[in-house]
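Participant: Spelled out, the chains give:
Number of protein chains: 2
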Amino acid sequence: MYDLTIIGAGPAGITAAVYAARKKLNTLVITKNIGGQAALSGEVGNYTGYQFISGPELAKKFEEHLKSFNINLQEGVKTLSIEKTDNFKIKTEKKEFESKTVIIATGRTSRMLNIPGEKKFKNKGITYCATCDAPLFAGKDVAVIGGGNSALDAAIQLINIAKKVYLININDSFQGDEIRLEKVRNSDKVEILNSTETKEIIGHEFVKKIKVVKDSEEKILDVEGVFIEIGSTPSLIPVKAPDSELELNQYKEIVVNEHCETNIPGLFAAGDVTNIPEKQIIVAAGHGCIASLSAFGYLSKTK
Amino acid sequence: MYDLTIIGAGPAGITAAVYAARKKLNTLVITKNIGGQAALSGEVGNYTGYQFISGPELAKKFEEHLKSFNINLQEGVKTLSIEKTDNFKIKTEKKEFESKTVIIATGRTSRMLNIPGEKKFKNKGITYCATCDAPLFAGKDVAVIGGGNSALDAAIQLINIAKKVYLININDSFQGDEIRLEKVRNSDKVEILNSTETKEIIGHEFVKKIKVVKDSEEKILDVEGVFIEIGSTPSLIPVKAPDSELELNQYKEIVVNEHCETNIPGLFAAGDVTNIPEKQIIVAAGHGCIASLSAFGYLSKTK
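Protein chains in written order, with my numbering: chain A, 1 to 303; chain B, 1 to 303.
Since the hints were derived computationally from the structure, they do not count as laboratory data. Do not rely on the hints blindly, as some may be mistaken.
No distinction is drawn between identical chains; accordingly, a pair holds when it is met within one copy or between any pair of copies.
Think about it this way: if two alpha-carbon atoms lie no more than 27 Å apart in a straight line, the pair counts; the simulated DSS-like pairs of lysine-lysine are [as the list claims (entries may be wrong)]:
(1) K84 x K24
(2) K189 x K24
(3) K140 x K214
(4) K119 x K67
(5) K279 x K67
(6) K91 x K219
(7) K61 x K214
(8) K89 x K67
(9) K84 x K214
(10) K189 x K23
These figures come from a predicted structure and were not determined experimentally.
Using the sequences provided together with the hints, build the complete structure.
Facilitator: What follows is the structure in structure tokens.
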């Protein structure tokens, strides 16, 4: 029986684990991967204390911090469900665990365009992670689809790698940081197409072109790579509790209060999977701390 | 006229400034010092990404991050008042500034015992900052007063410096981390006195003794240093607004919602000066990010 089980090991989950370990809680961390979406970022310039660090490097620092404590880490393991009885039963692909409290810190997964060709060419020219896959497109023409920071980040990474980058934004302006937008605008490799909708991804074995529409006019762009960066959805885990359903908001995010408490006693959530208004590494880390201290407070009251 | 003025440069204020600078806001930071209470911490083991770092070192990293951006930093300057008219007028000892939005991130100040001798011997043996002053008490007998993490931290720092450390706690148990408590218990230099109240600080030019009461019995302890670590209060700045007073909670903390908005439009607050439930470096930093992005959103809507 664990005091606390943390599901997910991105910035929120790892920070929760660090605090739990320092409180000497008997802690279990179950995660598919370490670093979460932070590990997929290109350049991180806004994690206070690190002026410039790449996403994978920052994730590595987080991982080392996590592993400096003696806690049970189940890495590469998918959690299938959480069931509340007297305590919590956490079912994974491999084993079942029991825990007095649980923090869900599973973050988010990339959103799909849901257009023809997308499923067919996934990993055959289509990618949802520029940091992971940009190097595969050296010297090629590519398209980045999206209008926020993650699309701008993808374009910035590709400037040094690809031959040409179409940046396709369905809206008429970008939502990202001015500092990023400037970098993109200053590159003669990037062609920005605002108010442009992507309609289809076309190819044989691999991606060859995409069909886009701007001002009701159809265009075909020759590209070998398509980077889809149109946001993400919360990565939920089915939760069963005797009397209540886990409360979600309209975006399917887990609703937590300022103490990271969900509507189910003993079940906490932190980071990008929740309704916290900003999805940022430093915010998720702070949120993980709060969830951990709340779980500790809950245990002190119930043990 | 500034877009955003941030008052305070601890973890919250600095993170707010980093985000504002990256959004290319015309930003002013006014602060008495850099690093806030983080700079006064001994060992910081729970700022995710830095396994072990001293408070001053972490504050230095924060400072470098802040100074890597081209923003107006007014260091060593006390803010006297904030007045809302159409915009905000910020009065300091030196000058007056005008800004469209303001983030208060002034943190907290140490609480006093309010007992005889405390005012007289302040900085003459009495200190509120172990990190700053512990080295002055090498080889001496000292007392640490308090029952939380900051008292434990002070005692831990003093183990390697002082000859003997009395740890005087008015309650019957400690509220701090188990990991810290263990270190204190394992040291034969530390004598823990629980359920003990400090009544008076006695000396001539400098502290010589303290009077304490345990189980209604008075005791005199010979010490040359007294480290008072009994918590802190929010560092408020007078705010004048036409129709409303700035809302505070029962602890005199600024009440903010999940977007770090106060009840006065355009005025935000972040970190330990607010009602955020946990006062931790990583939490304050995350909070500063939220405040900054909220101020940016406010400016986008009003400009």
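Participant: The structure should be examined with respect to each hint, and the outcome stated for every one.
Facilitator: Hints, verified against the model:
In the homo-oligomer, the alpha carbons of K84 and K24 lie at most 27 Å apart inside one protomer (24 Å), although the nearest pairing across protomers, at 47 Å, exceeds that limit. Within a single copy, K189 and K24 get their C-alpha atoms only as close as 53 Å, which misses the 27 Å cut-off; across copies the closest is 24 Å, which meets it. In this assembly of identical chains, K140 and K214 lie within 27 Å of each other by CA distance solely inside one copy; the values are 23 Å within and 78 Å between copies. Proximity of K119 to K67 under the C-alpha cut-off of 27 Å is found in neither arrangement, the shortest distances being 37 Å within a copy and 46 Å between copies.
Taking identical chains as interchangeable, the C-alpha atoms of K279 and K67 lie at most 27 Å apart whether they share a chain (25 Å) or sit on different chains (25 Å). Proximity of K91 and K219 under a CA criterion of 27 Å is satisfied in neither setting, with 49 Å inside one chain copy and 57 Å between copies. Neither within a single protomer nor between protomers do K61 and K214 lie at most 27 Å apart by alpha-carbon distance, with minima of 43 Å and 46 Å respectively. Proximity of K89 and K67 under a CA criterion of 27 Å is satisfied intra-copy only: 24 Å inside one chain copy versus 49 Å between copies.
With identical chains, the CA atoms of K84 and K214 are never at most 27 Å apart, being 51 Å at best within one copy and 45 Å at best between copies. For a Cα distance limit of 27 Å, the shortest separation of K189 from K23 across copies, 23 Å, qualifies, whereas the shortest one inside one copy, 51 Å, does not.
In terms of the numbered hints stated before, the structure departs from hints 4, 6, 7 and 9, listed from lowest to highest.
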